[in-house]
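There are 2 protein chains.
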Amino acid sequence: MSQRHTDVSVQFGDHACALAEVVDRVSGKWAIGVLVAAAAGPIRFTELERAVEGISRRMLTLTLRNLERDGLLTRTVYPVVPPKVEYELTDVARELNESLAGLTAWAERHRTTIALARKEYDAQHGNG
Amino acid sequence: MSQRHTDVSVQFGDHACALAEVVDRVSGKWAIGVLVAAAAGPIRFTELERAVEGISRRMLTLTLRNLERDGLLTRTVYPVVPPKVEYELTDVARELNESLAGLTAWAERHRTTIALARKEYDAQHGNG
DNA sequence: CGGTATCCGAGCCGATACTG
DNA sequence: CAGTATCGGCTCGGATACCG
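Protein chains in written order, with numbering that gives the first Met the number 0: chain Y, 0 to 127; chain L, 0 to 127.
Derived by calculation from the structure, the hints in this document are not laboratory data.
Careful: at least some of the hints might be erroneous.
[Stated by the list, open to error] If you anchor each label on the Cβ, the simulated ranges turn out as follows:
1) Y:P41 <-> L:Y77: 54 to 62 Å
2) L:A114 <-> Y:R108: 31 to 39 Å
3) L:K83 <-> Y:A100: 37 to 45 Å
4) Y:A114 <-> L:F44: 25 to 33 Å
5) L:E94 <-> Y:P82: 44 to 52 Å
[Unchecked claim] Here are some of the chain Y residues that sit facing chain L, going by a computed Cβ distance under 10 Å:
6) V22
7) D23
8) G27
9) A36
10) E119
Ideal Cβ positions, reconstructed from N, Cα and C, are used throughout, including at glycine.
All chains should be built: construct the whole structure from the sequences, respecting the hints.
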């Protein structure tokens with residue numbers, strides 16, 4: 000299994016370290032998407048594949064395994080044919096989603112500002 | 000200039016997308032560390048280098064440029080000898096730090112739980 | 001349906017050396 | 001003091017093909 004995250008080891012005593020760890024967890028191109036898609040309730044593999052636009056089967060699997068590993072979601076296999084697997088957020092993950100709300104608010108407040116800042120920066124310094 | 004982040008383009012309409020963008024911004028091994036180190040007030044390059052344990056000159060520069068590009072910090076050059084450059088968080092970044100507080104709280108609440116979940120997962124599935 | 005295996009390019013990041 | 005340049009390893013992540 001590939002997908003080992005960067006070693007965000009202890010850079011400072013406590014605060015920043017814990018924060019860096021959680022950010023590292025929801026980093027990567029797909030984790031947030033999966034977390035949000037699963038927020039509504041139990042969801043199947045193929046449903047996730049459709050919900051998270053652009054994700055490949057491989058990356059969905061890896062992302063799910065990582066989240067499962069961190070105890071953020073559960074994987075339930077139903078022994079039926081055709082196979083059926085459901086993923087569901089744990090309570091911990093639901094709390095995480097709530098904690099992320101503040102961040103989402105910030106993002107939506109300053110979205111255009113940041114886009115503008117980028118444009119300016121790229122204009123002044125050479126990026127084209 | 001290297002350091003182009005992964006393309007977290009529109010995966011779903013609004014919410015998750017904005018969130019994914021901000022997470023992408025504070026991703027990478029060092030951004031959080033720099034953000035936290037600069038939270039106390041204006042800080043010089045070398046001070047940052049010491050504050051963010053383990054960071055290289057190169058990565059500090061790249062991280063600073065990215066944050067500056069996104070309008071999260073300002074770079075002030077004082078024309079003196081020896082050179083003096085100060086970095087300071089913008090108001091937007093300060094708001095961001097506040098929004099991150101909820102996340103930090105979550106991280107500290109569930110830190111051990113998650114570490115445990117990992118251990119269990121790695122024990123059951125083969126990771127060794 | 002729900003995965004895995006393999007190949008491969010792109011970019012992050014560290015080490016090292018050099019500069020105004 | 002505050003950077004930049006270059007090289008190279010490693011991992012992330014896409015494409016494709018295959019399996020129970």
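Do the hints match the structure? See the list:
no. : hint                          : result
1   : Y:P41 <-> L:Y77: 54 to 62 Å   : 58 Å, holds
2   : L:A114 <-> Y:R108: 31 to 39 Å : 33 Å, holds
3   : L:K83 <-> Y:A100: 37 to 45 Å  : 40 Å, holds
4   : Y:A114 <-> L:F44: 25 to 33 Å  : 27 Å, holds
5   : L:E94 <-> Y:P82: 44 to 52 Å   : 46 Å, holds
6   : V22                           : 6 Å, holds
7   : D23                           : 8 Å, holds
8   : G27                           : 8 Å, holds
9   : A36                           : 8 Å, holds
10  : E119                          : 8 Å, holds
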